[in-house]
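Number of protein chains: 2
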Amino acid sequence: MIFTGRHLIAGEWADGGPTFTSDPVTGDPLTVFNGGRDEVDRAAKAAEAAFRTFGWTSREERARFLEAIADAIEARGEEITAIGTAETGLLDARLNGERGRTTGQLRLFAKVLREGDYLDRRYESASDANPDLRLMQRPFGPVGVFGASNFPLAFSVAGGDTASALAAGCPVIVKGHPAHPGTGEIVADAILDAMKTCGLPKGTFQFVQSNSREAGEALVTHPLITAVGFTGSLGVGRSLFDLACRRDTPIPFYGELGSINPVFCLPAAMAKRAGDIGSGWAGSLTMGVGQFCTNPGVLIAKESDALEILVTAADSALADVDDAPMLTQGIAQSYREGRNAAVDAGAEAARRSGGSDRRNAPDLLRVSGTEWLSNSRLHEEVFGPFGIVVAAQTEDQMIEIAERLEGQLTASIHLEDGDEALGQHLLPILERKAGRILANGWPTGVAVSPAMMHGGPYPATTVNGTTSVGTLAIQRFLRPVCYQNIPQALLPADLAK
Amino acid sequence: MIFTGRHLIAGEWADGGPTFTSDPVTGDPLTVFNGGRDEVDRAAKAAEAAFRTFGWTSREERARFLEAIADAIEARGEEITAIGTAETGLLDARLNGERGRTTGQLRLFAKVLREGDYLDRRYESASDANPDLRLMQRPFGPVGVFGASNFPLAFSVAGGDTASALAAGCPVIVKGHPAHPGTGEIVADAILDAMKTCGLPKGTFQFVQSNSREAGEALVTHPLITAVGFTGSLGVGRSLFDLACRRDTPIPFYGELGSINPVFCLPAAMAKRAGDIGSGWAGSLTMGVGQFCTNPGVLIAKESDALEILVTAADSALADVDDAPMLTQGIAQSYREGRNAAVDAGAEAARRSGGSDRRNAPDLLRVSGTEWLSNSRLHEEVFGPFGIVVAAQTEDQMIEIAERLEGQLTASIHLEDGDEALGQHLLPILERKAGRILANGWPTGVAVSPAMMHGGPYPATTVNGTTSVGTLAIQRFLRPVCYQNIPQALLPADLAK
Numbered sequence: 001m002i003f004t005g006r007h008l009i010a011g012e013w014a015d016g017g018p019t020f021t022s023d024p025v026t027g028d029p030l031t032v033f034n035g036g037r038d039e040v041d042r043a044a045k046a047a048e049a050a051f052r053t054f055g056w057t058s059r060e061e062r063a064r065f066l067e068a069i070a071d072a073i074e075a076r077g078e079e080i081t082a083i084g085t086a087e088t089g090l091l092d093a094r095l096n097g098e099r100g101r102t103t104g105q106l107r108l109f110a111k112v113l114r115e116g117d118y119l120d121r122r123y124e125s126a127s128d129a130n131p132d133l134r135l136m137q138r139p140f141g142p143v144g145v146f147g148a149s150n151f152p153l154a155f156s157v158a159g160g161d162t163a164s165a166l167a168a169g170c171p172v173i174v175k176g177h178p179a180h181p182g183t184g185e186i187v188a189d190a191i192l193d194a195m196k197t198c199g200l201p202k203g204t205f206q207f208v209q210s211n212s213r214e215a216g217e218a219l220v221t222h223p224l225i226t227a228v229g230f231t232g233s234l235g236v237g238r239s240l241f242d243l244a245c246r247r248d249t250p251i252p253f254y255g256e257l258g259s260i261n262p263v264f265c266l267p268a269a270m271a272k273r274a275g276d277i278g279s280g281w282a283g284s285l286t287m288g289v290g291q292f293c294t295n296p297g298v299l300i301a302k303e304s305d306a307l308e309i310l311v312t313a314a315d316s317a318l319a320d321v322d323d324a325p326m327l328t329q330g331i332a333q334s335y336r337e338g339r340n341a342a343v344d345a346g347a348e349a350a351r352r353s354g355g356s357d358r359r360n361a362p363d364l365l366r367v368s369g370t371e372w373l374s375n376s377r378l379h380e381e382v383f384g385p386f387g388i389v390v391a392a393q394t395e396d397q398m399i400e401i402a403e404r405l406e407g408q409l410t411a412s413i414h415l416e417d418g419d420e421a422l423g424q425h426l427l428p429i430l431e432r433k434a435g436r437i438l439a440n441g442w443p444t445g446v447a448v449s450p451a452m453m454h455g456g457p458y459p460a461t462t463v464n465g466t467t468s469v470g471t472l473a474i475q476r477f478l479r480p481v482c483y484q485n486i487p488q489a490l491l492p493a494d495l496a497k
Numbered sequence: 001m002i003f004t005g006r007h008l009i010a011g012e013w014a015d016g017g018p019t020f021t022s023d024p025v026t027g028d029p030l031t032v033f034n035g036g037r038d039e040v041d042r043a044a045k046a047a048e049a050a051f052r053t054f055g056w057t058s059r060e061e062r063a064r065f066l067e068a069i070a071d072a073i074e075a076r077g078e079e080i081t082a083i084g085t086a087e088t089g090l091l092d093a094r095l096n097g098e099r100g101r102t103t104g105q106l107r108l109f110a111k112v113l114r115e116g117d118y119l120d121r122r123y124e125s126a127s128d129a130n131p132d133l134r135l136m137q138r139p140f141g142p143v144g145v146f147g148a149s150n151f152p153l154a155f156s157v158a159g160g161d162t163a164s165a166l167a168a169g170c171p172v173i174v175k176g177h178p179a180h181p182g183t184g185e186i187v188a189d190a191i192l193d194a195m196k197t198c199g200l201p202k203g204t205f206q207f208v209q210s211n212s213r214e215a216g217e218a219l220v221t222h223p224l225i226t227a228v229g230f231t232g233s234l235g236v237g238r239s240l241f242d243l244a245c246r247r248d249t250p251i252p253f254y255g256e257l258g259s260i261n262p263v264f265c266l267p268a269a270m271a272k273r274a275g276d277i278g279s280g281w282a283g284s285l286t287m288g289v290g291q292f293c294t295n296p297g298v299l300i301a302k303e304s305d306a307l308e309i310l311v312t313a314a315d316s317a318l319a320d321v322d323d324a325p326m327l328t329q330g331i332a333q334s335y336r337e338g339r340n341a342a343v344d345a346g347a348e349a350a351r352r353s354g355g356s357d358r359r360n361a362p363d364l365l366r367v368s369g370t371e372w373l374s375n376s377r378l379h380e381e382v383f384g385p386f387g388i389v390v391a392a393q394t395e396d397q398m399i400e401i402a403e404r405l406e407g408q409l410t411a412s413i414h415l416e417d418g419d420e421a422l423g424q425h426l427l428p429i430l431e432r433k434a435g436r437i438l439a440n441g442w443p444t445g446v447a448v449s450p451a452m453m454h455g456g457p458y459p460a461t462t463v464n465g466t467t468s469v470g471t472l473a474i475q476r477f478l479r480p481v482c483y484q485n486i487p488q489a490l491l492p493a494d495l496a497k
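Order-wise, the sequence lines are chains A and B.
The numbers in the numbering used here rise by one with no breaks, and the one at position 446 of the first sequence is 446.
The numbers in the numbering used here rise by one with no breaks, and the one at position 252 of the second sequence is 252.
This is chain A alone, in the form it adopts within the complex:
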């Protein structure tokens, strides 16, 4: 494929805006059109026009479309990995795996559509006193999606937000992430192929390249956009959330903004396997250069000899991890700033990586429970391979630390026989703080399945109770509609009996 740096608007590859130059880890930079308000406006109008057909397609039609997208992505598999690794610095194996996850979740939503349970259909027959009532879930309308930097396939152009919104029956406009414009273009091209194969309207899926705030703000504030999916930083995410709330007609902004994914290590587990926990932690912490939403950035345990064993094991495992390129120069720089700020805030560097330019190696810090509690700067996410050990004075202080946590995607507990009492104390606290609670494991590696929850209280997600991974993700783009005494001829096919 020859990359053009163009937008996909109303079924056509279009120039538009000035240009920017991409910054790949390897290979030649691309010249990319920098879309803005005009491109978003044209796309939103085409999406609205498309919704009037696409929003009333059958579930089978949409299932075939999702499968056609998966097929078209697979047909471009090697090429996607080639441009993806060049742009992001992520390894071949990682991007091949992520491609499988991406096509897997498209096919999973095809299955969800064929089963139809997500419609939550409810029937009440007419009687003398009561009308005939039928309820089912219907799509919102055009949806805006922001490609994420850290999953150039699974959370980007054809990622979970796009798959779940298209499954719901909502046309999608993706604002591509400027860190991987080539990967974005080739995936958008795959979706265009699938649209043509399935004979869908031209505004069903659209793609706007941009590396400025204008396109994103235009997407969130456009009157024809009915919901937005976003994965990114707290600062950018909150400012877009605020724009979504301030509209004349507010819309839901489903943002996943940040999480430090705490890991609580209870005494009996520490006594039994502190070394394994330490090395396991190091492994989870450094996957994808630490650039996972569920990266376990903080580990809490009681001050003890076992904790020294854990730190030594973690440190030793981290020593084997070379520095590696991060997704962007900006992310690499922010990582070092965050790491330095944690040190300035009183955390002791057990292992300090240095790092330079776009590359960083893991950092391991430690701090006492009392210091952690007294300094909220230490509670903030540092996006990358950054781990901080919090050495609590007492079990009560571990509980206090749990109470003080902000909202999280995940919270983990390591426990063994003898830890039940403390576990039972911690679990109800952690349940309020996180969307997923896990025992004796690591939070990285998120199953795309019906029972997955990948969201949590703010700031993990802006809309508590929603998930961007798993089959429940479709609910973000649906609203129940009740049909009362509607004649059969006018009832939607899914509600007729």
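Please keep in mind that the hints were generated in silico from the structure rather than gathered at the bench.
If you're wondering where the values come from, they're calculated on a predicted model, not measured in any experiment.
Some clues are possibly wrong.
As the list makes no split between identical chains, a pair holds if one copy fits it or if it spans any two.
Claimed, not checked - Keeping only pairs whose Cα atoms sit at most 30 angstroms apart, straight-line, the calculated BS3-like set for lysine-lysine is: (1) Lys-272 <-> Lys-302; (2) Lys-497 <-> Lys-111; (3) Lys-302 <-> Lys-196; (4) Lys-497 <-> Lys-196; (5) Lys-497 <-> Lys-272; (6) Lys-111 <-> Lys-302; (7) Lys-302 <-> Lys-497; (8) Lys-272 <-> Lys-111; (9) Lys-196 <-> Lys-111; (10) Lys-272 <-> Lys-202.
Dock chain B against chain A, hints included.
Below, chain B alone, put in the same frame as chain A:
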């Protein structure tokens, strides 16, 4: 019962704040404490403490609590109707019926709890590659509820928001509506009785009297409050929604703010039964002095002889409706201002009531489709017995009017054989505008049932896709939590197998 005008905080009747004097339609005014920031803060802390027990009660315990509330309300039935009619001017029969609806929805949620389907439990067994995942819905935490003026029982202290939040496992703090403080107090007393009977923590349900903005704003912005239910005006509702969004940790504000509930009358239906439609409309329009959320404030039909028959029939039916007291002086005054503004905006008064002081009679206005389209002032809700006929020049103009509507709770169509084509054109448009679409009926009279949707796109509700009536209302206060590899000893009882 002797009314004290006190708040119910942490299980005790408490003074607090200066006082205000109630303004009943009949009988003696009450002196009521005017709660503010301090009362809300004490209540929020007690609610948070209560959640740590109440949030983990069994479904059976909560079902019995809801039934005990219903019993305690019934035990006070006559007294509730006596104070309710005096405060609101609504008729005995209406308040007796509304009491039945209120206890009925409490018992319906008890049934929902015992069935347990609302938990949406999902199980995935562990395999070599996959962990054990279990998901279910869990309560948010303390919830704030605003009593509504227009349903002093069913949408107030023990109304749908309270019933669904308590069912979910969320402690509730109600800010009483100052238009019915006595009705509020006696119902709060019934809930207190039920709390004692069931041995629940003192902060499970609390009640703050207030006639100022301070208490409401304090409730929406208190850090311990996790969600809010509100029914009221667009102006107040939007300002509270904005506060909820601007918090450090934003929370969902489930506001039902206003709806004109359009009624489309198609040509064949008009030819067959224009007179019946006109008189039926007048009946729906004047129930409860027009103070229903689903009041059908606008009727759209093609200019025709049949439309003249409809207007004559409606006018004649409205002539039999005496003026009646509205819920508050302010509502009565706003009604006349809204009516006058519609006339100033070009609507012709077919029947103009005058009205004075707290009393109003119905108004019937008419306007051409072209005028309606050109003046958005005519699209605004006038809360009360206000109906406006829009005479469309063409069927295309009827469609254009449908496209221009804001979000609605309901949209109605009257149609007969021969109207299918126009109906099929209108239905997909109306489906995007309203939460409930009904044929050949009137939107007032909302079933409290599994298939009911009482919400709609903004401004009908602030969170599109949520309902304040029916069993789906419980979903507003729940969030999914995923439990991964959690040992049986720590799993919530509802998830153990």
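Each hint tested on the structure:
When the C-alpha separation of Lys-272 and Lys-302 is checked against a cutoff of 30 angstroms, the pair qualifies only within one copy, where the shortest distance is 14 angstroms, while the shortest distance between copies is 81 angstroms. For the homomeric pair Lys-497 and Lys-111, the shortest alpha-carbon distances inside one copy (22 angstroms) and between copies (27 angstroms) are both at most 30 angstroms. Neither within a single protomer nor between protomers do Lys-302 and Lys-196 lie at most 30 angstroms apart by alpha-carbon distance, with minima of 59 angstroms and 41 angstroms respectively. Proximity of Lys-497 to Lys-196 under the C-alpha cut-off of 30 angstroms is found in neither arrangement, the shortest distances being 32 angstroms within a copy and 47 angstroms between copies.
For a Cα distance limit of 30 angstroms, the shortest separation of Lys-497 from Lys-272 across copies, 28 angstroms, qualifies, whereas the shortest one inside one copy, 60 angstroms, does not. In this assembly of identical chains, Lys-111 and Lys-302 lie within 30 angstroms of each other by CA distance neither inside one copy nor across copies; the values are 46 angstroms within and 45 angstroms between. Taking the shortest Cα distances, Lys-302 and Lys-497 never come within 30 angstroms of each other, neither inside one copy (61 angstroms) nor across copies (33 angstroms). For the homomeric pair Lys-272 and Lys-111, neither the shortest alpha-carbon distance inside one copy (43 angstroms) nor that between copies (47 angstroms) is at most 30 angstroms.
Within a single copy, Lys-196 and Lys-111 get their C-alpha atoms as close as 21 angstroms, which meets the 30 angstroms cut-off; across copies the closest is 49 angstroms, which misses it. Taking identical chains as interchangeable, the C-alpha atoms of Lys-272 and Lys-202 are never at most 30 angstroms apart, the minima being 60 angstroms within one chain and 43 angstroms between chains.
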